[in-house]
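> One-letter residues, chain by chain:
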Amino acid sequence: MKILVPVKRVVDYNVKVRVKKDETDVELDNVKMSMNPFDEIAVEEALRLKEKGVASEIIAVSIGLPEVQETIRNALAMGADSGIFVNCTSKLEPLSVAKILTSICNKIKPDLVIMGKQAIDDDMNATGQMLSAMLKWGQATFASKLEIQDKKIKVGREIDGGIENIEVNLPAIVTTDLRLNEPRYASLPNIMKAKRKPIDEIKVEDLNIDIEPRLDILKVEEPKSREAGIMVKSVDEMIEKLKNEAKVI
Amino acid sequence: MKTLVVVDHNNNKLEKSTLNTIKAAIELENVDLLVLSDSCKDICNELIHIKNINNIFINENDAFKNQLAEDTANFIAENFKDYTNILFSNTSNGKNVAPRLAGLLDTMIIPDVIEIVDKQTFKRPIYAGNAIATCKSKNKINIITIRSTAFEEAETSDENVGEVKEIGSLTTNNLTKYLNSELTKSERPELTSADIVVSGGRGLGSAENFQVLEKLADKLGAAMGASRAAVDAGYVPNDWQVGQTGKIVAPNLYIAVGISGAIQHLAGMKDSKVIIGINKDEEAPIFSISDYGLAEDLFKAVPEMESKLN
Chain E
77 MKILVPVKRV VDYNVKVRVK KDETDVELDN VKMSMNPFDE IAVEEALRLK EKGVASEIIA
137 VSIGLPEVQE TIRNALAMGA DSGIFVNCTS KLEPLSVAKI LTSICNKIKP DLVIMGKQAI
197 DDDMNATGQM LSAMLKWGQA TFASKLEIQD KKIKVGREID GGIENIEVNL PAIVTTDLRL
257 NEPRYASLPN IMKAKRKPID EIKVEDLNID IEPRLDILKV EEPKSREAGI MVKSVDEMIE
317 KLKNEAKVI
Chain L
114 MKTLVVVDHN NNKLEKSTLN TIKAAIELEN VDLLVLSDSC KDICNELIHI KNINNIFINE
174 NDAFKNQLAE DTANFIAENF KDYTNILFSN TSNGKNVAPR LAGLLDTMII PDVIEIVDKQ
234 TFKRPIYAGN AIATCKSKNK INIITIRSTA FEEAETSDEN VGEVKEIGSL TTNNLTKYLN
294 SELTKSERPE LTSADIVVSG GRGLGSAENF QVLEKLADKL GAAMGASRAA VDAGYVPNDW
354 QVGQTGKIVA PNLYIAVGIS GAIQHLAGMK DSKVIIGINK DEEAPIFSIS DYGLAEDLFK
414 AVPEMESKLN
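These protein sequence lines are chains E and L, in that order.
Letter by letter, the first sequence follows residues 77 to 325 in the working numbering.
Letter by letter, the second sequence follows residues 114 to 423 in the working numbering.
Worth flagging that the hints you see were computed from the coordinates, not collected in a lab.
Hints are supplied without guarantee of correctness; some may be wrong.
Straight line, CA to CA, 20 Å or less: simulated EDC-like cross-link-like pairs of lysine to aspartate or glutamate [said to hold, decoys possible]: (1) L:Lys236 to E:Glu298; (2) L:Lys129 to L:Glu268; (3) L:Lys413 to E:Asp312; (4) E:Lys300 to L:Glu228; (5) E:Lys309 to L:Glu417; (6) E:Lys108 to E:Glu133; (7) L:Lys236 to E:Asp197; (8) L:Lys421 to E:Glu321; (9) L:Lys290 to E:Glu243; (10) L:Lys328 to E:Asp312; (11) E:Lys97 to E:Asp292; (12) L:Lys249 to E:Glu146; (13) L:Lys178 to E:Glu243; (14) L:Lys413 to E:Glu316; (15) L:Lys236 to E:Asp101; (16) E:Lys309 to L:Asp394; (17) E:Lys317 to L:Glu409; (18) L:Lys251 to E:Glu288; (19) L:Lys253 to E:Asp286; (20) E:Lys212 to L:Asp219; (21) L:Lys383 to E:Asp197; (22) L:Lys253 to E:Asp101; (23) L:Lys383 to E:Glu297.
Covered by chain L, per the in silico footprint, the following chain E stretches (three or more residues, Cβ under 8 Å) [said to hold, decoys possible]: (24) 197-211; (25) 312-319.
Derived CB-CB ranges, DEER-like [claimed, not checked]: (26) L:His162 to E:Pro142: 52 to 60 Å; (27) L:Val274 to E:Ile315: 41 to 49 Å; (28) L:Lys115 to E:Lys167: 47 to 55 Å; (29) L:Asp175 to E:Leu246: 24 to 32 Å.
Note that the Cβ used here is the ideal one computed from N, Cα and C, for glycine as well.
Let the sequences and hints guide you as you build the complete structure.
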């Protein structure tokens, strides 16, 4: 069984992002970049399926500037077998990413795609669902548990009221939620080994896909800030403020 | 220009956030509603009181009971292609179906909208709400999910104002199958629509200690929430998580107890009307956005607060 894991290079989870002065974007120069945390969970889940003997091959794919190859190397260092780097200099929306991934899936024919439920930069939560629509495959979003039986995958999904269990025919798309697993750290020997693993390069132009953005970003601005209030000294004072000043209880 | 709101429900009752989504849709013109369920009657009885909408379309089919994205998205793509806007609430249901529909219709989804600037321009938070992007759409069909806390609820009338019409037919999918659900049972109000939310973090230290907070919540008639740290530690169920990757809440009163205030948590609650923070660390970032802060041991402060409220 072959698993494809798309990975995205994003601003690191711990960075407090700032809006650029000209309000065109957030500041991305000299900012620490990492693999999207949900994609790390996806890589980890693929590795566990391989360790259980369910999967035989894991391919990591990333799309963007040459730097995204670092993210692919991270996935290889965690244990993925090979990488695909789609070289693309234009800004991409989830719709275009889903089209590029559709084209790759048609070529390498994975049995399963595991990917993050959202990227922590644009917070879109869209690519997985769009990809499954385009491939006409079943989807299991927000996975917190997963089990493969024959040609089907059983997934526990995190929904607003709890967990929903569904069964999806393979090939399928799974998007990962936070508690599916805890991703491993790459060991030094594995980081060294990853340098010798193959990464195929594809130029996005060669795929003949319309990647023109459908949304123009007119402005990126700071959210309304919230002023700090006051510190109270006792529970009595807190209750008094809530009752008489804020009038919320 | 026609706008469709896909109604979110649990087959018996309307999901409250749908009212906020309808309010947003009314800013866009010509609103129709769509109910897909195995039993539409009770939901329609609620919907017919909503003002300023045209048609309530229904399709009753056993397959819709489980609200699988494959069925819902196919049905909408087949029957509502001629609409300009299709809106969903940004609930787990909406987030599951809307992007699939956008994929089918070759259109770029506009998720988690907090403001409609004009008929093609929308504001949405990015980077865990640390920036707000204004997007102008070049889509032929806009598929939008609405952040319910950013919009008021649609107005209702005492009279029946809506008209219910049946539409379309479903060819069920053979890709996915619903098995069962394990829903968290609770007598408390629903987290995303509660007036008061009491939330706990790592500072609680254990699942048992959360009972201290639950007593306070029950005294106030509040919903319970939690930070990611508390959920990851296994103190409370996953669906209590408030934050960037959990639920977005904006109650009248948010009580953050033993929560330090990571940006990912603040992303889920900073639009609350009044925020109070209780944390023994007086440097905790939660105090920088709290209207009222109390730097005290929560195991002393919370029971005291609970006993003094009546």
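> Report the numbers of all earlier hints that the structure fails to satisfy, in ascending order.
6, 12, 22, 28
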